[in-house]
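There are 2 protein chains.
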Amino acid sequence: MSLLAVGSVAFDDLETPFGKRERVLGGSASYFSLSASRFHPVQVVAVVGEDFGPDQYRVFEGRPIDLSGLVRKPGQSFHWKGSYGFDLNEARTLETHLNVFQDFHPELPEAFRSSPYLFLGNIDPVLQLDVVKQMTQRPRWVALDTMNFWINGAREALQAVLGEVDILLVNEGEVRALTQEHNLLKAYRKVQAIGPKILVVKRGEYGVSLFTPEGIFAAPAFPLEDVFDPTGAGDTFAGGFLGFLSAAGKTDVDTLKAATITGAVMASFTVEKFGTQNLEMVTEHDIKERTKAFSNMIRVDGL
Amino acid sequence: MSLLAVGSVAFDDLETPFGKRERVLGGSASYFSLSASRFHPVQVVAVVGEDFGPDQYRVFEGRPIDLSGLVRKPGQSFHWKGSYGFDLNEARTLETHLNVFQDFHPELPEAFRSSPYLFLGNIDPVLQLDVVKQMTQRPRWVALDTMNFWINGAREALQAVLGEVDILLVNEGEVRALTQEHNLLKAYRKVQAIGPKILVVKRGEYGVSLFTPEGIFAAPAFPLEDVFDPTGAGDTFAGGFLGFLSAAGKTDVDTLKAATITGAVMASFTVEKFGTQNLEMVTEHDIKERTKAFSNMIRVDGL
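Protein sequences, first through last, are from chains A and B. Heads up: the first sequence begins at 21 in this note's numbering, then just goes up one per residue. Heads up: the second sequence begins at 21 in this note's numbering, then just goes up one per residue.
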């Protein structure tokens with residue numbers, strides 16, 4: 021009954037106005053699985069190089085994260101170098117070394133092929149569709165993340181895989197590029213026509229908008245005095261959101277709203293420190309307390 | 021027990037991707053009073069020219085809006101011409117004719133000087149302070165709107181009037197410019213040090229963030245499929261927000277949250293048609309229904 025996640029595991033060099041770090045653990049599958057595994061067992065399919073060693077494996081140890089689909093190949097791991105300006109809204113990519121990720125062809129271990137929940141992290145949509153085809157039974161839901169590189173450069177392949185997808189998680193610019201529609205309600209109708217019935221629009225410091233057949237919802241980002249590093253916020257959100265949904269085993273609008281808050285809470289921890297550092301350290305008690313604070317903040321009693 | 025509003029009454033020429041209109045009723049005090057008067061009696065102090073005639077007066081008739089402070093002077097009314105691009109986020113000013121507004125020196129009618137609630141619309145902070153000084157007793161609260169023109173060009177005068185203000189309503193760029201601080205929680209601390217204990221940050225299509233000594237809140241904008249004209253959205257929000265607060269007679273955090281939703285609901289009506297058109301027509305039933313829909317949308321039950 022696990023949540024299967026396919027994506028990247030990487031080393032990141034990060035520069036923000038508040039400091040810099042080199043070769044910290046990164047990649048969508050890292051943030052996603054560390055976040056989702058707080059709520060539900062996760063299976064990871066990704067590729068790393070020979071530079072991925074005991075220090076990195078240790079981060080995932082003692083958590084319900086199955087790494088039997090994490091393949092180690094000769095060569096170096098995916099390595100990304102990025103920087104942020106003072107407003108932390110957009111990453112500037114300084115260097116991208118795909119390394120072993122260049123030839124990533126996800127192959128699902130036998131035991132992963134019947135997982136009921138599937139998250140397709142941001143990789144080539146041709147590979148995303150191939151993963152779906154490897155499943156021996158249709159998962160209860162398939163969720164997908166993508167980016168403008170694929171929306172603009174591989175539109176047909178992306179449309180093909182989106183026909184198999186139930187939940188689309190993208191940022192605001194991406195959903196507008198995908199649908200050629202500025203208004204988000206209208207964009208949602210077009211997304212539904214392509215396939216996904218549930219749309220999650222990530223809006224950075226403005227929070228998240230959720231579109232479902234039963235209604236819509238918007239959550240602010242949890243307000244923080246110190247945001248150090250936004251890297252991984254989106255994948256951490258996806259992990260909390262889909263981990264919560266997997267644990268709940270349902271996708272009605274009340275559950276989806278609660279999952280949205282949960283994802284936002286998890287993302288708020290990630291951005292308070294560099295890389296996965298805070299996500300590794302945060303306790304169950306911290307998560308519960310912040311979830312309660314978040315619920316209280318957005319509750320309106322005076323009407 | 022009225023809510024006293026000082027601001028502008030104008031004619032606007034509006035161009036959006038969806039059409040254009042000439043000489044529609046505009047100005048901060050128009051949107052504000054039409055919105056606030058749905059909840060509480062309003063007194064208006066503003067200036068118009070000889071071109072302001074029966075058609076314009078009629079818009080305010082039959083509503084609890086006291087126009088005895090609306091002075092009609094020889095000359096033409098304030099006239100603004102602006103246009104919006106496809107994303108409707110920022111107005112481009114094409115022409116500004118201050119006309120009689122150039123020499124506006126608000127003079128409060130005797131009956132207005134003891135009003136318990138005071139809204140200082142976006143005018144020269146020297147005039148805003150002068151209005152405060154004309155009050156025979158300290159209002160229960162004073163609310164203020166301003167803009168970058170005054171923040172950058174009249175900082176000392178603005179700081180002086182802000183010392184008398186309880187509730188500051190500004191947009192995101194304005195609060196950052198005022199406090200020289202990007203992070204909104206830190207910006208709020210600086211605002212508190214200047215004077216206002218309550219900060220409302222208007223974020224356009226991203227909604228509103230509310231900062232109070234008892235806690236913070238964020239409301240999304242009500243999601244609409246058709247946004248025709250964002251002109252007046254901020255002043256309409258302020259009207260709904262402060263009208264609700266005046267009617268409630270208190271400013272605890274629960275009341276402030278409910279006021280925020282109310283302001284957002286009113287603004288959502290304004291942007292659906294040109295100028296004040298929808299704000300004039302909307303019924304009490306429409307307002308109640310949308311408020312209910314908004315409350316349901318943001319309520320989270322699944323946690």
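Treat the hints loosely; a few may be bogus.
What the hints assert, rightly or not - Selected chain A positions facing chain B (Cβ under 10 Å, derived; list incomplete):
#1 Tyr77
#2 Arg78
#3 Val79
#4 Asn203
#5 Arg223
#6 Phe264
#7 Thr275
#8 Leu276
#9 Asn316
#10 Ile318
#11 Arg319
Source of the hints: derived by calculation from the structure; they are not laboratory data. Heads up, the beta-carbon is just placed ideally off N, CA and C, and yes, glycines get one too.
The hints, checked one at a time:
1. Tyr77: Interface hint status for Tyr77/A: violated (33 Å vs cutoff 10 Å).
2. Arg78: 32 Å, violated
3. Val79: 28 Å, violated
4. Asn203: 6 Å, holds
5. Arg223: 7 Å, holds
6. Phe264: Cβ of Phe264/A sits 9 Å from chain B, so the hint holds.
7. Thr275: OK, holds: Thr275/A within 10 Å of chain B, min 5 Å.
8. Leu276: 8 Å, holds
9. Asn316: 8 Å, holds
10. Ile318: 6 Å, holds
11. Arg319: 8 Å, holds
Checked against the numbered hints above, the structure breaks hints 1, 2, 3 and satisfies the rest.
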